[in-house]
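Participant: Make the full structure from the sequences, and use the hints.
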Amino acid sequence: MKKMITFTINGELRSVEVEPNDILLHILRDKLGVTSPKIGCERGDCGTCTILLNGKSVRSCLMLAVEADGQEIITVEGLSDDGLTPLQDAFIKHNSFQCGFCAPGMILAATELLEKNPHPTKGEVKEAIAGNLCRCTGYEPIIEAVLDVSSQSN
Amino acid sequence: MSQANQIKGKIMEELKYIGKSFPRIDGKEKVTGAAQYVDDLEYGPNLLHTEIVESTEPFAKIIKIDTSRAEKVPGVVTVITGKDFPYKFGLYMKDRYIMAQDVVRFVGEQVAAVIARDPKTARRAAKLVKVKYEPLTPVFDQMEAIKKNPILIHPDLGEYTHVPWFYPKAKTNIAHWKKVRLGDMEKGFAEADVILEDTYHVPRYAHCCMESHIAVGKLDQADRLTVWSSSQSPHTQRHLFAEALAPLGFTHKDIRVITPFIGGGFGGKAGVTMEILAAAFATKVKGNPVKVRWTRAQEFYNTYMRQAVLSKLKMGAKKDGTITAFEISNYWDAGPYVEYGANVVNASGLSAAGPYRIPNVKIDSLCIYTNLPAAGPYRGFGYSEMMFGVESHMERMAQKLGMDPVEFRKKNAFKGGDLLVYGAPMNANGFDECIDRVAEAIEYGKKAVSEDPNKVIGKGIAGAWKGPAMPPNASSSAFLKFSEDGSINILVSGIDMGQGYLTVMAQIAAEILTVPVEKIRTENPDTDRNAYEWQTVASHVTWSCGNAVKRAALDAREQIFETVHAAYLYDKSTLYLEDECVKCTIDPEFSLPLKDFVIDGIMVKDGTFRGGPILGKGMFMPEFSSTKSDPETSQGGKPNVHYTVGAGGLIIEIDKETGKVKVLKVAEAFDVGKAINPDLVNGQILGGFMQGLATALYEDMRFGENGEILNPNFTDYKIPTALDIPDEIIPIIVEVPQNDGPYGARGIGEHTMIPVMPAIANAVEDALGIRIKSMPITAEKIAMAIKAGVKEVD
Amino acid sequence: MAIAHEFEYFKPESLEEAVKLKARYGDRARLLAGGTDLIVKINDELESPEAVIDLKGIKEMKRLEFKDGRLFIGPLVTFSELIDSPEVREKFPLFIEAAETVASGSIRNRATLVGNICSAVPSLDSGTPLLTYEAEVIARGEDGERTIPIAEWFVGPKKNALKEGEIVVGVSIPEPPKKHGGCYVKLGRYRGEDLAQVGVGILALEGNEYRVAFCAVGPIASRADKIEKLLQGKKLDNGLIEEAIKLVPEEIAPIDDIRATGEYRMHMAGVMLGRGLRAAVARLNGQGPEYGISVI
Ligand code: FES
Ligand code: FES
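Chains as they are written, first to last, in this note's numbering: chain A, 1 to 154; chain B, 155 to 948; chain C, 949 to 1244.
For the record, the hints were derived by calculation from the structure and aren't laboratory data. Wrong hints could be hidden among the right ones.
[What the hints assert, rightly or not] Computed far set for chain C versus chain B, every beta-carbon distance over 12 Å: (1) 965; (2) 1012; (3) 1205.
[Unchecked claim] Facing chain B, according to a computed beta carbon distance under 7 Å, are these residues of chain C, among others: (4) 949; (5) 950; (6) 952; (7) 1137; (8) 1138; (9) 1139; (10) 1140; (11) 1203; (12) 1208; (13) 1212; (14) 1241; (15) 1244.
[As the list claims (entries may be wrong)] Below, simulated BS3-like cross-link-like pairs (lysine-lysine); rule was C-alpha separation at most 25 Å, straight line: (16) C:989 <-> A:2; (17) B:215 <-> B:182; (18) C:959 <-> A:31; (19) A:56 <-> C:1010; (20) A:2 <-> C:968; (21) C:1106 <-> C:1004; (22) B:609 <-> C:1194; (23) B:935 <-> C:1194; (24) C:989 <-> A:56; (25) B:218 <-> B:473; (26) B:323 <-> B:333; (27) B:281 <-> B:237; (28) C:1194 <-> B:941; (29) A:116 <-> C:1010; (30) B:816 <-> A:122; (31) B:945 <-> B:609.
Even for Gly, the Cβ is constructed at its ideal location relative to N, Cα and C.
Facilitator: Encoded structure:
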């Protein structure tokens, strides 16, 4: 049984028809063309599918699309209206990605942290991104980027 | 030298772009989500989806495949079985079919495929395909597989085609047997004061790229086959697709492979694995693109995993620390298809004695078929595996001799010009400097004591080396073209799987052409348009493609000077480039911006133009390399173009009750020849170290009774998180130039994970006095060894 | 991978409506709160419900409240919400210490405590604090509400005491009668997110009173009665800890699986019990490691 759902994605209200068993990650990617959330494991283990749902990071592979009805979603495509956020700039400066596949999810997880806690300790940064796997960087450059942003803000 | 030439010479000497840590040119794309990977591209509304029916048997005859029920499901376009494509493929050895034919050889092998309009239908219908098997007796252990009268996994092995440097043994399970013989073993061991003999075991591991394998194939109405694939090897894929699909009338011209960004490779996306399915399936659904995307589980068992190796080592040394003889038998568990994996066995076989000058060496490196999933290339290409034994053994030998392990290694290390075990000379290298600096960074030899009475601290060190494993004629090429504003597109076919290749190529072109890196794009491959590259493997693209790009840039520069000469008549030898302008040593006033003419040419007095679009091209093939050698001894030839050497050292703290290991400090030093972009080199050290650490401490693949992997997911196959990194990592770059490398550079991508496993084992012994001879060294293994009071763990 | 199994989706707006739906479908319906467990199971085809009843439309199920000495946690309260509540942290520090080890942040933003206990997996991190704080589960069926002591809640691996047609409407936790210190010790294969291979939850209350529970070392999470009996009324010292550790084999029955051997689990349960007891008592006395710092 198909159902029409409507939600805000990156500031725009959009509607899409879904089936109850559709996964949000697939709908975002295949029906709405929002491809920054990636398919990494589809069982909640890796964080490449991370989105911000009402400001909180969640795994879109573990959500039915119907659950998004009436909610607000942000992905890296919609993080900023003009240019890059300081965190995105810091990611470039510190080489905080290699293949880049984890980067969208990683940036969202770190964005959530900085919103909540603008001056985290190194331990808090690690904890905040611990659910996002990166096989390439060894994490240190990602942590550096987050701490760099923290030290620049007041 | 004239003043003019001095100016020119000075400019040539000072490197403006090489050796500087420019930000990655793909940065903005990757942090904004703009970077597109295969699954992010749009294939249109007629895209088809695939579900694979996999073997449930480790080794069995296929008696019957019933697809009738699946075919009737609405939305199913077609159901394919192996018989639709009775074609073999393989890079180095053709030992596998596109899909299983009459026999399946591991749990998870592709037996049939359902192609449907949507993924849900495909998944539902695939469950309706019924396969009847007649089980055969499988063999999962490589030592079992080479016993007398074994069950043959490939009874026709003797008839398989393969590269000339492979030596399969017909009527056995030995797919390739690499032998190295040097000197006189008996004499070598007789000269030794100490002989140490032991066995080491390294199990299988998975690459765990965050992006799993994916390929989309489309055969259009005009019979052109395009494959979009997440691959390290687009040109090699085109070649292998053309070979495998030749019976259907395909030639290279009919096939195009496009590779956008890829989400990690680590060797797992080298050559061809599942991508052949997309290419083949497309031929059955003309006009419709068809997507094959591996699930995380399939990514574990049906691409290539890393091969396991059992190393039997026997080393003899004199009291003064001279190694007199080294006998090595490496038994590789390669799985049922070794078309790529056999070359891992080959390459690492040649170098299995480590970076040490030893007069008497005997190496046997055996690639053995088993009924576990197929295994093959993985970052380190056999060296990550076999160096665990070598560097554990080196450490123990030093202890037996009462020598400092660093001094022992240095005493025996290859210097530039020394002859390698197969007779070719070793390149100049900074091994000594690497190991010294690592030892210094971790204060090796100085005992540290933990503040916590439950904990002990240990230090470990290990050397590393690796040469690119590639055919002697593996080559790279590059096109370089300008736009009207003087910006540049470099068209190459290497893959930036994260290492920063796109940026490094831009830096090389920038250096020659004085165009800033920000004004250069390096394009991802499209075999129709970009210049040829063999593969992005073997840590060789910076070196090989870097040379090609450098030549392309020099070619472009020559054309630029030609044009200026034609228009202004300055002698070409007086022209040079500076800040995106052509300048002249004899006319300081002259300065012509590149953008003024690189497309449009230069107008001369009569209103006609000279020049035209500048289009550089460059090629590099190592013309000095050869695999021609004696099959019984490997003497002769120059199979490795060079080696990159280095060392790693670390300080760990072990909780004696829990067995948990915490890495307090790490130092890794590698001789990269020349770091074109030091930050990117450091990135390889950090990332490679962590990948190595994960294999040493956490990743623990388990198999069930049928040889099926029990933990094909990140829930139970643990790759490290941000919480698991060492407290401190010190990357150290050593630069002894590679004379044939671009600006002296050589590769570094794989090497950084090689020293980690033995360094951990050595540190564990230093801390606890327990020698662990198998990987991984989990907390459980340590705690149980302490509890049992043993001094050695097999 | 798409979910091939089809089901109906309901999002009731009241508890009554939800109870009715649940009664109608019985075991053929699954309740959806955070979904972090359910979606994986449906995808893996371990569960094939005919109906999925999403509880997120029922406002009262979001209730998180401390009143009259009891903490009430509604079925939609996520682990993140618990962790972010200063009141819960202050009154039930052991509970928060365990909650912080559940999966990772973005899972905890969705996963609920009630969902966790309904899964009743032997390794659940929330099991030992709930057991030691002596929580109660409140269930509602068509016949009304009943209260199930947490000690009776876990009835087998992945089995809870809910009757067909019942819905959990909340978990209620009494504040311990006396000042307490606690320690949750979790064995994972590394410091990153992992399922517990052994979990020990300990409460030390003023007056040498102790409560100890284990998870992941038997079919269900449960209190360690013999160990508690031994400890009761005694001041903790090395000798007592040794004796308590000796009793561990009588309390637990760990098995071998791909995550750990039974032997290692047994060994670690002892180590963890010892260190956990020390930390809990130290924390009771205002010393010891901060909550959240693992003692292993
Ligand atoms: S794809 Fe969602 S967590 Fe991995
Ligand atoms: S950059 Fe490749 S996974 Fe993080």
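Participant: For each hint, tell me whether it holds in the structure or not.
Facilitator: Hint check results:
no.: 1; hint: 965; in the structure: holds (29 Å)
no.: 2; hint: 1012; in the structure: holds (28 Å)
no.: 3; hint: 1205; in the structure: violated (9 Å)
no.: 4; hint: 949; in the structure: holds (5 Å)
no.: 5; hint: 950; in the structure: holds (4 Å)
no.: 6; hint: 952; in the structure: holds (4 Å)
no.: 7; hint: 1137; in the structure: holds (5 Å)
no.: 8; hint: 1138; in the structure: holds (5 Å)
no.: 9; hint: 1139; in the structure: holds (4 Å)
no.: 10; hint: 1140; in the structure: holds (3 Å)
no.: 11; hint: 1203; in the structure: violated (14 Å)
no.: 12; hint: 1208; in the structure: holds (6 Å)
no.: 13; hint: 1212; in the structure: holds (4 Å)
no.: 14; hint: 1241; in the structure: violated (13 Å)
no.: 15; hint: 1244; in the structure: holds (5 Å)
no.: 16; hint: C:989 <-> A:2; in the structure: holds (22 Å)
no.: 17; hint: B:215 <-> B:182; in the structure: violated (52 Å)
no.: 18; hint: C:959 <-> A:31; in the structure: holds (23 Å)
no.: 19; hint: A:56 <-> C:1010; in the structure: holds (17 Å)
no.: 20; hint: A:2 <-> C:968; in the structure: holds (23 Å)
no.: 21; hint: C:1106 <-> C:1004; in the structure: holds (23 Å)
no.: 22; hint: B:609 <-> C:1194; in the structure: holds (23 Å)
no.: 23; hint: B:935 <-> C:1194; in the structure: holds (22 Å)
no.: 24; hint: C:989 <-> A:56; in the structure: holds (24 Å)
no.: 25; hint: B:218 <-> B:473; in the structure: violated (66 Å)
no.: 26; hint: B:323 <-> B:333; in the structure: holds (13 Å)
no.: 27; hint: B:281 <-> B:237; in the structure: holds (19 Å)
no.: 28; hint: C:1194 <-> B:941; in the structure: holds (16 Å)
no.: 29; hint: A:116 <-> C:1010; in the structure: holds (21 Å)
no.: 30; hint: B:816 <-> A:122; in the structure: holds (17 Å)
no.: 31; hint: B:945 <-> B:609; in the structure: holds (18 Å)
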